[in-house]
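Undergrad: Using the sequences provided together with the hints, build the complete structure.
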Amino acid sequence: LIVDYWAEHGRAQDVAIYYLDMKITYGELKNLSDRVANAMHKLGIAKGDRYVIRTPNQPEYMIAFLGGQKIGAVPIPTNVMLREGELEHIINNSEAVAVITTSKYIQAIENIRPKCPTLKHVIVVGETKGNQIAFADLLQEDAASLPYVETHKDDPAYFLYTSGTTGAPKGVVHCHRFTIGAGDPIGKFAMGLERGDICGGPTALTWMYALGHNFLFAFRWGVSTAIYADERFNSERAYEFIQNYKITIFAGTPTIYRMMLAVKDAEKRYDTRSLKYCLSSGEPLLAETWREWMRRFQVKILDSMGQTEAHEFCTTQTTLKVKIGSMGKPLPGIEVAIVNEKGEILPPGEMGHLALRRDHPGLFKEYFKDPERTKEVYFPNNWYDTKDLATMDEEGYFWYGSRSDDIMTSHGYRISPADVETALQEHKAVLESGVAGVFDPEMGEKVKAWVVLHEGYQPTPELAKELQEHVKATIAPYKYPREIEFVRELPKTSSGKILRRELRRVEKEKLQRK
530 LIVDYWAEHG RAQDVAIYYL DMKITYGELK NLSDRVANAM HKLGIAKGDR YVIRTPNQPE
590 YMIAFLGGQK IGAVPIPTNV MLREGELEHI INNSEAVAVI TTSKYIQAIE NIRPKCPTLK
650 HVIVVGETKG NQIAFADLLQ EDAASLPYVE THKDDPAYFL YTSGTTGAPK GVVHCHRFTI
710 GAGDPIGKFA MGLERGDICG GPTALTWMYA LGHNFLFAFR WGVSTAIYAD ERFNSERAYE
770 FIQNYKITIF AGTPTIYRMM LAVKDAEKRY DTRSLKYCLS SGEPLLAETW REWMRRFQVK
830 ILDSMGQTEA HEFCTTQTTL KVKIGSMGKP LPGIEVAIVN EKGEILPPGE MGHLALRRDH
890 PGLFKEYFKD PERTKEVYFP NNWYDTKDLA TMDEEGYFWY GSRSDDIMTS HGYRISPADV
950 ETALQEHKAV LESGVAGVFD PEMGEKVKAW VVLHEGYQPT PELAKELQEH VKATIAPYKY
1010 PREIEFVREL PKTSSGKILR RELRRVEKEK LQRK
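Residues 530 to 1043 in my numbering are what the sequence shown spells out, letter by letter.
Treat the hints loosely; a few may be bogus.
What the hints assert, rightly or not - Within a straight-line C-alpha distance of at most 27 Å, the following computed BS3-like cross-link-like pairs (lysine-lysine) qualify: (1) Lys871 - Lys805; (2) Lys658 - Lys682; (3) Lys1008 - Lys852; (4) Lys852 - Lys916; (5) Lys916 - Lys957; (6) Lys1039 - Lys994.
To be verified - Estimated spans, in silico, between C-beta atoms of each pair: (7) Met551 - Lys1037: 46 to 56 Å; (8) Leu549 - Thr847: 40 to 50 Å; (9) Asp922 - Ala1002: 39 to 49 Å.
I should point out that these hints are in silico values taken from the structure, not numbers from a laboratory. From the three backbone atoms N, C-alpha and C, an ideal C-beta is built for every residue, glycine too.
TA: The structure is reproduced here in structure tokens:
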């Protein structure tokens, strides 16, 4: 295992994890994960068995993840914000035999436990009740008698469940080849990792982006990771996090960077000189955000594109010139193209499906127990369809369009919601926005925007009109939102992506009530 390698090759005393005032070295992490592996083995958990992890960002999450893998078991990280119905679906769909959670989040598990027939063990970090097993007891197990379990590069290493942007969450199966096959080029070209680096960021470690950059890839390269302990994001705390742990590689999202930039004089109040690079993913990065961050902190934000099924495959690599607004170029060894509906490669400048070759080592193996859906995401010539629309320019840089199923058709024009969202968010009043097509008796479908304002701005008809005119002046006028609704927050997935499907659903219900 990646942690064991460094513990046995000269880095046993190097810090693997920083958490609050705690430091865990690679040697200690190996020992702790060995203990958990032995304890799980004695519970009867075996190679191929699935187990759900439901904890916030904390060391126990990483220890449980690595410990189970050592006996060939398959961890399934889940976001603590998931509701009971979502958890029940994941446990039953994956046929999980165990859940590892905390005393704060145990009640939802106990509520659904009678409806989960495969669930044998509930392991709790913190106070236990009844037949629950204390995670602390697992850490008391002997670390010396770990059974040898052989795993293959194509054996399942972990599942991630999709965030539900296109229906019920799907179990995405990733194999052991992922950590090396994806981690090596990402660590070298997208993160510039070297001994002494400290990775970290405020997003949940259950999200593919953070799971890779702030956990698996950091350990693959033998560097440190700092765990952001707060469950809710706070801009001031994010600066303190960078300052206190001397973060060198900070992984955020465009929304996080916008919120951090809203902190007045942050560049004077906090010491961020440790930063080498900032990383971004999850949504398009606005040019204004990039320039303002660069101006105030003199650190590049390296944008990227990835997804639950494939992690990061396009990125503004450390050695490339930055094209602001682009998702960068494919990482070395990864073949990416823009293709049409038949999977045929399109020339530069044409919008089409963003696709990856099936042999990409970071690509998922399958949707669990769903061969038909797995088959549907591949073109006959073995290109994987990300279901995203994009273009490639003459220099080989890729530019995001939108989800293929989010495209709106209004007055005969095909309109990408991402174009409209980007235009709106370039206005100083807008913190974030979501755009979707809604029914209109004359136009068939009209563009509607839901807008969250920065603090200090009031939602008025005058501001709505100003935003409409701003969009008309920024992009093709026919794309402007015919209707703007001001909201306090937008519906999002557990990984922070805007649920346009939910915006459309709520709007449809409003129309039906009329």
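Undergrad: With reference to the structure, classify each hint as holding or not holding.
TA: Evaluation of the provided hints:
Our distance criterion of 27 Å between C-alpha atoms is broken by Lys871 and Lys805, whose separation comes to about 42 Å. Restraint check: the Cα-Cα separation between Lys658 and Lys682 comes to about 39 Å, which exceeds 27 Å; the hinted pair is violated. Under the criterion of a C-alpha separation no larger than 27 Å, the hint pairing Lys1008 with Lys852 is consistent with the structure, at around 24 Å. Between Lys852 and Lys916 the alpha-carbon distance is near 23 Å, which keeps this suggested pair within the 27 Å criterion.
Distance check on the hinted pair: Lys916 and Lys957 sit about 31 Å apart at the alpha-carbon level, beyond 27 Å; violated. Under the criterion of a C-alpha separation no larger than 27 Å, the hint pairing Lys1039 with Lys994 is consistent with the structure, at around 23 Å. About 49 Å separates the C-beta atoms of Met551 and Lys1037, a value consistent with the hinted range of 46 to 56 Å. Range check, Leu549 to Thr847: about 30 Å between beta-carbon atoms, so the 40 to 50 Å window is missed.
Between Asp922 and Ala1002, the C-beta spacing of about 24 Å breaks the proposed range 39 to 49 Å.
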